[in-house]
Structures are given as structure tokens and as C-alpha cells.
Amino acid sequence: MSVTPPKSRIWWNDSVPKSELIWVIVAFVWGLIMFFMMIYWHAYGEQNLSNEAYKITAEQFTEKTEAMTDKYTVREESGYPVVRPPPGSDVYMIARLWQWWPILELEKGQSYRLHLSSLDWMHGFSLQPININLQIHPDYEMVLTVTPTTTGEFGVVCNEYCGIGHHTMLGRIYVVDNEGI
Amino acid sequence: MAINEQYRTCQTTGLRVYKSAENLIKANAVVAVVFLLVGGLFGIMVALTRWKAVHLLPADWFYLALTAHGINLLVVWIIFFEMAVLYFASSVLLGSRLATPKWAWAGFALMLIGAIVTNIAVLQGGSSVMFTSYVPLKADPSFYAGVILFAVGALIGCFVFFGTLVIAKQEKTYEGSVPLVTFGATVAAIIAVFTIASGAIILIPTFLWSIGYVSHIDTLMYRTIWWAFGHSSQQINVAAHISIWYLISAVVLGAKPLSEKVSRGAFLLYVLFLQLASAHHLLVDPGISSEWKIFNTSYAIYLAVLGSMVHGMTVPGQIEAAQRSKGYTNGLFEWLRKCPWGNPAFSGMFVSLILFGFLGGISGVVMGVEQINLIIHNTIYVPGHFHATVVAGTTLAFMAVTYLLIPLIFQKEIMFPGMAKLQPYVFGLGVAGISVFMMGAGTLGVPRRHWDISQADAVLPYDFPGAANLMMGLNGMSAILAGVGGAMFIAVAVGSIFFGKKVDSTEAPTAVPTDENAAVVAEHGDEEHPAIPGTIVLVVVFFTSFVLYYFVNWKYLAEVWPLR
Numbered sequence: 001m002s003v004t005p006p007k008s009r010i011w012w013n014d015s016v017p018k019s020e021l022i023w024v025i026v027a028f029v030w031g032l033i034m035f036f037m038m039i040y041w042h043a044y045g046e047q048n049l050s051n052e053a054y055k056i057t058a059e060q061f062t063e064k065t066e067a068m069t070d071k072y073t074v075r076e077e078s079g080y081p082v083v084r085p086p087p088g089s090d091v092y093m094i095a096r097l098w099q100w101w102p103i104l105e106l107e108k109g110q111s112y113r114l115h116l117s118s119l120d121w122m123h124g125f126s127l128q129p130i131n132i133n134l135q136i137h138p139d140y141e142m143v144l145t146v147t148p149t150t151t152g153e154f155g156v157v158c159n160e161y162c163g164i165g166h167h168t169m170l171g172r173i174y175v176v177d178n179e180g181i
Numbered sequence: 001m002a003i004n005e006q007y008r009t010c011q012t013t014g015l016r017v018y019k020s021a022e023n024l025i026k027a028n029a030v031v032a033v034v035f036l037l038v039g040g041l042f043g044i045m046v047a048l049t050r051w052k053a054v055h056l057l058p059a060d061w062f063y064l065a066l067t068a069h070g071i072n073l074l075v076v077w078i079i080f081f082e083m084a085v086l087y088f089a090s091s092v093l094l095g096s097r098l099a100t101p102k103w104a105w106a107g108f109a110l111m112l113i114g115a116i117v118t119n120i121a122v123l124q125g126g127s128s129v130m131f132t133s134y135v136p137l138k139a140d141p142s143f144y145a146g147v148i149l150f151a152v153g154a155l156i157g158c159f160v161f162f163g164t165l166v167i168a169k170q171e172k173t174y175e176g177s178v179p180l181v182t183f184g185a186t187v188a189a190i191i192a193v194f195t196i197a198s199g200a201i202i203l204i205p206t207f208l209w210s211i212g213y214v215s216h217i218d219t220l221m222y223r224t225i226w227w228a229f230g231h232s233s234q235q236i237n238v239a240a241h242i243s244i245w246y247l248i249s250a251v252v253l254g255a256k257p258l259s260e261k262v263s264r265g266a267f268l269l270y271v272l273f274l275q276l277a278s279a280h281h282l283l284v285d286p287g288i289s290s291e292w293k294i295f296n297t298s299y300a301i302y303l304a305v306l307g308s309m310v311h312g313m314t315v316p317g318q319i320e321a322a323q324r325s326k327g328y329t330n331g332l333f334e335w336l337r338k339c340p341w342g343n344p345a346f347s348g349m350f351v352s353l354i355l356f357g358f359l360g361g362i363s364g365v366v367m368g369v370e371q372i373n374l375i376i377h378n379t380i381y382v383p384g385h386f387h388a389t390v391v392a393g394t395t396l397a398f399m400a401v402t403y404l405l406i407p408l409i410f411q412k413e414i415m416f417p418g419m420a421k422l423q424p425y426v427f428g429l430g431v432a433g434i435s436v437f438m439m440g441a442g443t444l445g446v447p448r449r450h451w452d453i454s455q456a457d458a459v460l461p462y463d464f465p466g467a468a469n470l471m472m473g474l475n476g477m478s479a480i481l482a483g484v485g486g487a488m489f490i491a492v493a494v495g496s497i498f499f500g501k502k503v504d505s506t507e508a509p510t511a512v513p514t515d516e517n518a519a520v521v522a523e524h525g526d527e528e529h530p531a532i533p534g535t536i537v538l539v540v541v542f543f544t545s546f547v548l549y550y551f552v553n554w555k556y557l558a559e560v561w562p563l564r
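First to last, the sequence lines map onto chains A and B.
If you count the first sequence from 1, position 145 lands on 145 in my numbering, and the numbers rise without skipping.
If you count the second sequence from 1, position 449 lands on 449 in my numbering, and the numbers rise without skipping.
If you're looking for bench data, these hints aren't it; they were derived computationally from the structure.
Built from N, CA and C at the ideal position, the CB exists for glycine as well.
If you anchor each label on the Cβ, the simulated ranges turn out as follows: (1) A:Val-26 / B:Ile-217: 41 to 51 angstroms; (2) A:Tyr-40 / B:Gln-124: 48 to 58 angstroms; (3) A:Glu-46 / B:Ala-109: 48 to 58 angstroms; (4) A:Thr-149 / B:Gln-124: 41 to 51 angstroms; (5) B:Ile-217 / A:Asp-90: 27 to 37 angstroms; (6) B:Gly-212 / A:Gly-152: 41 to 51 angstroms; (7) A:Ser-89 / B:Ile-217: 27 to 37 angstroms; (8) A:Tyr-40 / B:Asp-60: 40 to 50 angstroms; (9) B:Met-477 / A:Ser-89: 44 to 54 angstroms; (10) B:Ile-116 / A:Thr-149: 46 to 56 angstroms; (11) B:Val-552 / A:Val-29: 15 to 25 angstroms; (12) B:Ala-53 / A:Gly-79: 27 to 37 angstroms; (13) A:Gly-79 / B:His-216: 28 to 38 angstroms; (14) B:Val-552 / A:Thr-149: 17 to 27 angstroms.
Under the rule of at most 20 angstroms between Cα atoms (straight-line distance), these lysine-lysine pairs were calculated in the PhoX-like manner: (15) B:Lys-502 / B:Lys-19; (16) B:Lys-172 / A:Lys-7; (17) A:Lys-18 / B:Lys-261; (18) B:Lys-261 / A:Lys-7; (19) B:Lys-421 / B:Lys-501; (20) B:Lys-501 / B:Lys-26; (21) B:Lys-19 / B:Lys-102; (22) B:Lys-169 / A:Lys-7.
Residues on chain B that point at chain A, a partial pick, calculated with CB under 8 angstroms: (23) Ala-59; (24) Glu-175; (25) Ala-250; (26) Pro-257; (27) Val-262; (28) Ala-558.
Let the hints inform the model, and build the full structure from the sequences given.
Here you go:
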């Protein structure tokens with residue numbers, strides 16, 4: 001029994017039931033498949049998080065974001081600048097208590113280098129309803145290339161607890177057809 | 001001196017129970033249940049706040065309650081109970097006196113003081129930093145100090161356990177190798193030492209930072225090391241509750257391992273690989289390479305998952321073998337139908353096994369895929385997953401084994417046997433609901449740790465789909481059901497322990513009888529391997545669900561915006 005010492009003292013020489021042996025092999029092979037699936041997706045899949053990241057200070061990141069905002073703001077909404085940077089360019093979004101700043105307007109089918117960092121605490125970038133989720137740290141600048149494939153209004157929810165105003169921390173991204181300009 | 005310590009011989013099992021170990025098991029189990037009650041009440045408040053139609057608590061109280069819920073259940077209840085399990089698996093199962101009982105009591109006192117200090121810090125309102133206490137969110141210094149004291153106490157308990165193994169070996173209280181259950185408990189204790197060391201490495205500097213002696217703590221370093229504590233502490237649970245599955249099937253049914261080698265090998269894989277799971281929390285963090293993420297998140301090519309998949313077969317397999325040897329051989333599943341479903345120790349164990357495997361295990365592996373984590377990280381899918389592992393898996397297994405400890409260790413009859421009979425089903429159903437509905441809401445993007453997803457006072461509001469609110473409502477209802485199941489457990493446990501009739505030592509404990517054939521089965525186990533066709537069918541069903549769910553989630557991932 002499991003609550004008494006093994007009956008045979010040399011239990012490690014006992015033979016293994018065939019059913020167990022087969023299951024161990026199947027489970028091991030399944031593990032290999034799942035392991036190589038992640039590597040396969042890096043080669044052939046389209047959704048991979050980049051490994052590009054930099055150490056940065058809050059001041060430097062604010063400066064870069066404001067430079068973009070000054071240059072490409074097209075209108076204002078609820079006190080937020082709506083920024084429409086050219087396709088292929090570097091776009092920035094600041095996470096801070098309790099805002100995602102500014103609002104971005106992107107073109108469908110175009111790629112952008114999106115830079116994300118926090119100015120204070122940790123935040124969670126959660127793009128809805130697409131459901132892409134990223135952890136945003138202070139002092140780290142994350143850079144990923146994103147290609148919006150659907151048009152509309154998207155919410156950026158904060159999904160890392162960041163204090164009492166956490167539930168009010170929302171941002172927005174618009175994706176538009178470029179024919180619609 | 002202590003060698004002549006008093007012991008009694010258990011009438012049911014013939015085990016030698018030393019007084020010092022018995023008292024420590026009782027104390028740890030009772031305190032554990034008290035914190036289960038506290039943490040459970042906070043949990044119900046959290047679930048009722050997230051149910052939009054109820055929205056019970058204001059924001060500050062919600063985050064306070066969520067912090068208290070996490071600390072009291074993920075840490076305090078479980079580790080206290082695990083101390084009881086460690087002392088049982090060493091002293092009682094090996095028939096040995098306990099090493100340094102005074103140190104064990106000192107550890108117990110430290111844990112209790114630490115738990116109370118941290119709870120006071122949380123209840124004062126200045127430490128609503130969640131269970132994870134991510135910097136630069138700052139809690140009151142006493143919050144960290146309490147957790148550190150608790151961890152030191154638990155570490156002492158682990159070393160008392162190791163010391164008892166040494167004494168038992170020296171004094172030859174058993175022959176050959178330690179029993180499988182003790183082996184599994186040893187695995188849990190080894191992982192606990194790693195876990196507590198990681199906790200000390202990160203929480204001591206954080207404590208110093210909170211009182212101003214350290215100026216800065218890097219957030220990425222914090223998350224990396226903290227999760228070596230936070231996730232590994234849940235791996236202690238896995239090792240402990242799987243040991244309990246083996247324990248209960250042995251005591252109730254007389255089941256014996258199909259193969260000692262395979263079951264112990266599976267436990268050994270835990271020691272070697274489970275600690276890598278810190279990576280599960282870092283898959284969408286900046287500054288960590290994909291190579292590191294893939295290797296660690298998969299526990300080095302899924303070797304720890306292999307361990308769990310093996311236990312998933314060997315536990316029902318040994319039950320089937322035991323039942324078949326008693327003559328329940330008709331068809332594929334007569335052995336399963338004739339299991340003692342009215343015995344809460346058995347039914348609790350089996351429900352724990354099924355829910356842990358199907359809900360907790362599969363979802364855990366899928367969300368731990370580096371890329372799939374992009375569509376799951378920090379959504380409420382995550383608590384959905386770990387309520388299936390830690391509540392349906394660990395907590396229910398601990399409840400089940402309590403139904404054995406009450407007659408065997410506390411020597412009390414089970415009070416309210418009718419309620420005890422139903423309890424595992426009520427609790428299991430409630431927790432299954434919690435898990436499924438939170439996972440469902442998570443796939444719709446609902447964030448975890450969030451007071452109000454209707455975001456009424458946000459400048460740029462975002463509307464979640466109506467189905468998300470429906471899921472959160474159903475989650476609230478399931479939480480109430482689980483709360484009822486939890487209250488039933490506490491009523492039975494507290495009632496029996498403090499007001500129950502003393503078990504007459506001349507007869508077997510009532511209400512939870514062990515199978516009278518148990519001893520016979522154990523003796524007649526032979527070298528030939530019993531056939532387990534029913535278990536093979538169950539395993540095929542499990543594996544098919546696993547593979548389907550795994551690839552469905554890749555398909556979901558493929559539909560989101562391309563990222564590189």
C-alpha cells in the first residue's frame with residue numbers, strides 16, 4: 001500500500017505494467033510536440049512577442065512620446081490628443097496612474113513599431129476586444145511590431161492592479177481604413 | 001529522553017501514533033481551518049463585488065478583501081495544513097517519534113504570529129497590495145515582516161520533517177524504503193525549502209525597502225524571484241495533494257501502487273523541474289528572451305507535466321485494480337460505480353482528482369504556452385485556472401483527508417454524517433463553476449483584480465460584451481455554492497473536533513469506515529499486473545480533451561493581430 005513501505009525491497013527492479021509504460025511514452029512524446037510547437041510558431045506563426053526591450057527612464061520615455069504627439073496630433077478627444085503617426089513609424093504609448101496616453105489612430109494592414117513603458121507602477125496593457133495582453137514595467141521600454149487587421153475602436157484596459165484608480169485606467173486605439181482618409 | 005515518549009496504537013490501522021506528533025497535527029489542522037474560514041469569507045465578498053448586479057464592496061474594501069483572500073487561502077490555510085500532512089506522513093506513517101517537537105512548536109508559533117501580523121496589516125487598509133505585493137506598490141513594513149516570520153516557521157516545520165525521517169531510519173521503525181505517501185511528502189518538503197528560500201531572497205530586501213534601507217527594487221527582478229516563491233508554493237500543494245490521493249485510496253480501498261517505480265519517478269520529476277514555473281508569469285514581460293521563456297515555461301520539455309499526467313493515470317488505475325480484486329469486474333466501469341461514493345474522504349479525493357486534471361491541469365499547460373499567454377495573461381482566466389488547481393485540487397483533497405484525520409488522529413466521530421456525505425459534491429460543483437465561468441470571462445478579455453469592469457467613472461470607457469457580465473454573475477452564484485460547501489466542511493470539522501463523541505477505542509471509527517477488505521487486498525497484491533481497462537478509457541478521454549483544447553487555443557491565437 002501507499003502508506004506502508006514497498007513490499008519488495010528492491011522495488012526499483014520490479015517490472016512496469018505495459019499500460020503505464022505506454023502512457024509514459026505517449027505523455028513524453030506529447031510534451032515534445034508541445035515544446036517544439038512553441039519553436040515552430042516562432043518560425044511560422046504570426047503572433048510572437050518580440051525580444052526587443054530597453055532600459056529607459058520615465059523622463060526619456062515621456063520626451064519621446066511627447067515628440068510624437070507634438071508632430072502627429074490630428075484632433076482632441078475628452079482631453080486626450082489623438083495621434084496619427086505615419087505607417088511604419090515608431091509609435092509610443094505611456095502607462096501611468098491612471099491613464100494610457102495618448103490615443104493612437106492607426107491604419108489597417110500597416111505595421112507600426114509600438115513602444116510601451118510605465119512612468120510609475122506596473123500596469124497591464126490589455127487590448128480589447130482583440131485580447132492581446134502585455135505586462136508593462138517602469139524603467140523598461142518594450143518594443144513590438146504590430147499590424148492591426150481589423151478596423152474600429154479598441155479599448156486599452158489596465159489589467160495589472162495599480163491602486164485605487166485602477167478600474168478607471170483606460171485608453172483607446174482607433175484603426176481606420178486608409179481609403180477613408 | 002524523548003525516546004520513551006508515549007504513543008498509542010491506532011485500532012483501525014495499527015499505526016503507532018506519538019503524542020507529540022498527534023498534538024502538532026491537531027494544532028496545525030485546527031488553525032488551518034480557522035484561516036480557511038477567514039479567507040473563504042473574503043473570497044465570497046470578492047466574488048459578490050465582481051457580480052455586477054450585486055457589486056457588494058466599495059473599491060478600497062474590494063482590494064483589501066482580495067489581498068486578504070489571497071494571503072489567507074493561498075498561503076496560510078494551505079501551509080498550516082501542509083505542516084499537519086508533513087508530521088502525519090513522517091511520524092505517523094513511519095511509526096516514529098517526531099524530531100525536536102519543541103522546535104516544531106516554535107515553528108508553529110512563528111507561523112501563527114506571522115499570519116496574524118500580516119492579517120492586521122491588511123485589515124488596517126494600508127497594505128492592499130494583493131498577494132503578490134509587486135513593487136513599487138508599497139505595503140506597511142509589518143505586512144512583509146509577517147510573511148517572512150510565517151515562512152521561517154514553515155521552514156522549521158520542514159526541517160522537523162527531515163529530522164523525523166532521519167530518526168525513523170536510525171531507529172529502524174520501518175523496513176526498506178519509506179512508503180510512497182511519505183516519499184511524496186518529502187518531495188513537497190524539498191520544494192517548500194526552495195520556495196521559502198526564494199521568498200526570503202525577495203521579501204527581505206523588499207521589507208528593507210519598505211522601511212527605507214534599500215532605495216530601489218527592480219520590478220522585473222522582483223517578479224522573477226517572487227514567482228519562484230509564489231508559483232513554487234503552489235507546487236508544494238501539488239506534491240502534497242497527490243500524496244493525499246495515494247493516502248486516501250490506500251486507507252479507504254486498500255489500493256496499492258501499480259508500480260512503485262513509476263509513481264516515485266513521477267514525484268522525482270517534480271523535485272527536478274517544478275521550480276521552473278516562475279516563468280509562467282513572465283511570458284509577456286519585457287527584457288526576457290524567448291529561449292528562456294520556452295525552456296522554463298515548459299518545465300524543461302514538459303517533464304513536470306509528464307509527472308502529473310502519470311499520477312493522473314496511476315491513482316485511478318490503482319483504485320480500479322483494488323476494486324477489481326474485490327470482484328467488481330463486470331464491464332469497464334463496475335469498479336467505479338461500486339466505489340464508496342457516500343464516504344466523503346473518497347468522494348472528495350476523486351472529485352479533486354477529476355477537477356484538478358481536466359480543469360486545472362489542461363488550462364495550466366495551455367496558458368503556459370509562450371505565445372498563447374498573449375491572449376490570457378492577467379485576464380480573469382488566470383484565477384479561473386488556479387481555482388481549479390488550488391481550490392478544487394488542493395483544498396478539496398485536504399478536506400477529504402480531514403474526514404480521515406478526525407477519527408484517526410482526533411479520535412472523534414464525524415458529526416452530521418449526512419452533511420459530510422454531501423459536502424464534497426456541493427463544494428466541488430461550486431468550485432468547478434467558479435473555474436469555468438472565470439475562464440470563460442477571461443477569454444472575453446475580463447481583467448483579474450479589477451473592481452468594476454463597467455468602468456463607470458473612466459474618461460475613455462470600454463464596454464465588455466454582455467456575455468462577460470453574465471459569466472461574472474454565474475461566477476458569483478458558484479462562489480455562493482462553494483461557500484455553502486465550505487461552511488458545511490467547517491461545521492462538520494469544528495463540530496466533530498470540539499463537540500464530537502469520542503471514538504470508542506475498541507471499535508473501528510464510525511461514519512467513515514475503512515473498507516474491511518482493505519487489508520486483504522493489500523496482502524493479495526501480486527507481481528502480475530492487474531488489467532485496468534476502465535482507467536485506460538478515462539485516460540483516453542482526458543488526453544483527447546487535452547489535445548483538442550490545446551490546438552483550439554492556437555487557433556484563437558492565430559486570429560489576433562500579427563505581432564513580432
